[in-house]
Amino acid sequence: MDLITEIFWVIITYILYVIFETIFTMLGTKLVKINVELKQIVVISAIKSITYIIFGFVPIFGNLLGIMAAAYLNKDMFDVNWKNGFTIELPTVVFILIAMLLSIIFGIVVL
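Throughout the sequence shown, residue numbering follows our numbering, covering 29 to 139 in sequence.
Just so you know, the hints here were simulated from the structure itself, not pulled from any lab data. Errors might be hidden in some of the hints.
[What the hints assert, rightly or not] No farther apart than 25 angstroms at their CA atoms in a straight line, the calculated lysine-lysine pairs in the DSS-like style are these: (1) K103 x K67; (2) K58 x K111; (3) K61 x K103; (4) K58 x K103; (5) K61 x K111.
The model shown is predicted, which means the values in this text are computed figures rather than measured ones.
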């Protein structure tokens, strides 16, 4: 593949990541029962996606660090406490656990 094609796929993948993160953050804010504008959710989801990608390079504890950073971002952006920050992240954590379980079952190796 040439460089332009790779850049195109990185951008498309990031956009999909932000869309999924926005959906999960919206579900999390409904769990906590706070009213937040969609614009705020999209902005924080874009930032959280970048933090998940960066912490994903850390072996073993990368996902845990990403979840902790995302909970802090939720706490800071939505003016909630730590418990609600982690509760907002709960749909994302469930999705990550399901994805990991399915990858183990089907033998998918993610590098």
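Against the structure shown, which of the earlier numbered hints fail to hold, in ascending order?
Structure breaks no hint.
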